[in-house]
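**Student:** As a plain string of letters, each chain reads:
There are 2 protein chains.
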Amino acid sequence: MISKSQIKLITSLGQKKYRDKTGLFVAEGPKLVGELIQAAFSPHSIFTTEPSTTTISGQQEISEAELKKVSFLKTPNKVLGIFHKPAKERLENTDLTVVLDDIQDPGNLGTIIRLCDWFGVAQLVCSPKTADCYNPKVIQATMGSIARVRVEYHDLEMYLSNVSVPVYGAFMDGNDVYGQSLPQKAIVVLGNEGQGISAEIESRVTRRIAIPQYGKAQAAESLNVATAGAILLSEFRRATGK
Amino acid sequence: MISKSQIKLITSLGQKKYRDKTGLFVAEGPKLVGELIQAAFSPHSIFTTEPSTTTISGQQEISEAELKKVSFLKTPNKVLGIFHKPAKERLENTDLTVVLDDIQDPGNLGTIIRLCDWFGVAQLVCSPKTADCYNPKVIQATMGSIARVRVEYHDLEMYLSNVSVPVYGAFMDGNDVYGQSLPQKAIVVLGNEGQGISAEIESRVTRRIAIPQYGKAQAAESLNVATAGAILLSEFRRATGK
Chain A
1 MISKSQIKLI
11 TSLGQKKYRD
21 KTGLFVAEGP
31 KLVGELIQAA
41 FSPHSIFTTE
51 PSTTTISGQQ
61 EISEAELKKV
71 SFLKTPNKVL
81 GIFHKPAKER
91 LENTDLTVVL
101 DDIQDPGNLG
111 TIIRLCDWFG
121 VAQLVCSPKT
131 ADCYNPKVIQ
141 ATMGSIARVR
151 VEYHDLEMYL
161 SNVSVPVYGA
171 FMDGNDVYGQ
181 SLPQKAIVVL
191 GNEGQGISAE
201 IESRVTRRIA
211 IPQYGKAQAA
221 ESLNVATAGA
231 ILLSEFRRAT
241 GK
Chain B
1 MISKSQIKLI
11 TSLGQKKYRD
21 KTGLFVAEGP
31 KLVGELIQAA
41 FSPHSIFTTE
51 PSTTTISGQQ
61 EISEAELKKV
71 SFLKTPNKVL
81 GIFHKPAKER
91 LENTDLTVVL
101 DDIQDPGNLG
111 TIIRLCDWFG
121 VAQLVCSPKT
131 ADCYNPKVIQ
141 ATMGSIARVR
151 VEYHDLEMYL
161 SNVSVPVYGA
171 FMDGNDVYGQ
181 SLPQKAIVVL
191 GNEGQGISAE
201 IESRVTRRIA
211 IPQYGKAQAA
221 ESLNVATAGA
231 ILLSEFRRAT
241 GK
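So the protein sequences, as listed, match chains A and B.
Once you know that position 50 of the first sequence is 50 in this note's numbering, the rest is easy, because the numbers rise by one and skip nothing.
Once you know that position 212 of the second sequence is 212 in this note's numbering, the rest is easy, because the numbers rise by one and skip nothing.
Because the hints were derived from the structure by calculation, they are not lab data.
Treat the numbers as computed from the prediction; the structure is a model and nothing was measured.
There could be a bad hint or two in this list.
Pairs of lysine-lysine residues, derived as DSS-like cross-links and limited to a Cα-Cα distance of at most 30 Å, are as follows [unchecked claim]:
| hint | chain 1 | residue 1 | chain 2 | residue 2 |
| --- | --- | --- | --- | --- |
| 1 | B | 129 | A | 137 |
| 2 | A | 85 | A | 21 |
| 3 | B | 137 | A | 68 |
| 4 | A | 31 | B | 129 |
| 5 | B | 74 | A | 129 |
Taking CB as the label site, the calculated pair distances span [claimed, not checked]:
| hint | chain 1 | residue 1 | chain 2 | residue 2 | range |
| --- | --- | --- | --- | --- | --- |
| 6 | B | 171 | A | 212 | 24 to 30 Å |
| 7 | A | 206 | B | 104 | 36 to 42 Å |
| 8 | B | 52 | A | 90 | 57 to 63 Å |
| 9 | B | 75 | A | 14 | 22 to 28 Å |
| 10 | A | 52 | B | 171 | 32 to 38 Å |
| 11 | A | 60 | B | 173 | 38 to 44 Å |
| 12 | B | 210 | A | 212 | 21 to 27 Å |
| 13 | B | 94 | A | 181 | 32 to 38 Å |
Don't be surprised by glycine CBs; every beta carbon is placed ideally from N, CA and C.
Assemble the whole structure, with the sequences as input and the hints as a guide.
**Tutor:** Right under this line is the structure:
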């Protein structure tokens, strides 16, 4: 059984305003909810249609119809959890850090979080205008990677003015990334889908790189930001062998 | 002025059934329409709100309100063109070819077409169940790359049984792609978002490769197919230096 106020809370968490206000977000499906709990995310409440299949303490049983009513998924998947957003921690640059300068598409953000997880990038620092990683669509698109990649929102100019590691950004006129000796500790900046890296952040980039283009002269003007990020992170990991 | 039958035709081209029946597709915006014409795509009809700004022969002037009525875009952009799908040509394996085994998401398909354009891959061979590249959403997502990358739909088992170049596919148990000597002529197979490469196509893969994973043991189970494709194509181009 689910109460009216619980329904209202879950529905409100589809909006950033209420996620910010409450510090809560929604995750769905037994795998994702289980991974968040395992990663020590703090649950606020867990609703399930199959209480016997999970061992999460304090979960409430609800009907399929109730779950369908509150779920953000086209096909609800047994469990819906409300979680507390993790507290901000001190940012450290002991390895690779990815910085997002106003990434707007939630799908791109979800893909980049998965990519960071794959390449062992534990820290993703986003500008305040970047899409909200606690948007239910992004949470689901990360396929569990949100449990392992710390995503924080900061003023990027302030953050980048205090780092001691090289700051890489991709530009059409940068140096061929394949020919670079890449360090293990670095920051990789990815820019907005339409505008690329903003002028303010560009001035903080210390190493301008480029992904070489092949083929015809009139080829694509840019790569999708997640695919560009994939190539850059792959190059960093290949170059440093870890 | 646009006629009722023209409105009906354009609207019908939002559906694959009618694109298949008529052999036509829709592209919007002056840049994309211009690039298609330049790439010798054959226009069926072109509608524009600003006839003075383009030099396309046979274009019809329509009002903003008319364009808004037929456009597939949230923000209509001056020009809407109906084009004939290009005729199938003989497939050749003189360079890199990308093969898509049932890619379902139109966004992923659009991103992969852009990626092929960037890396000079002129030929993309898709299974019949792969999303339709002539879907208006895909056409727009390619940002003009559809004008330069030939996309064809074929029975993949038949196609792959007749090729003489190595066929690469990414699998968790494949050989580290970074350590491979990669050839200039090859086929790279990318699999379905949820299922990966199907068993039938896997049996046609002659070189099993893997993108190494870094970091925690319990990391992401897979990469998004477009990001995996980005890393693989980047490696092929880096390795062969062209």
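**Student:** Give a verdict on every hint.
**Tutor:** Now for the hints, and whether the structure bears them out:
1. B:129 - A:137: 25 Å, holds
2. A:85 - A:21: 11 Å, holds
3. B:137 - A:68: 29 Å, holds
4. A:31 - B:129: 28 Å, holds
5. B:74 - A:129: 22 Å, holds
6. B:171 - A:212: 24 to 30 Å: 27 Å, holds
7. A:206 - B:104: 36 to 42 Å: 41 Å, holds
8. B:52 - A:90: 57 to 63 Å: 59 Å, holds
9. B:75 - A:14: 22 to 28 Å: 24 Å, holds
10. A:52 - B:171: 32 to 38 Å: The hinted range 32 to 38 Å holds for residue 52 of chain A and residue 171 of chain B, with Cβ atoms some 36 Å apart.
11. A:60 - B:173: 38 to 44 Å: 41 Å, holds
12. B:210 - A:212: 21 to 27 Å: Hint holds: Cβ distance 23 Å, inside 21 to 27 Å.
13. B:94 - A:181: 32 to 38 Å: Hint holds: Cβ distance 34 Å, inside 32 to 38 Å.
Checked against the numbered hints listed earlier, the structure breaks none of them; every hint is satisfied.
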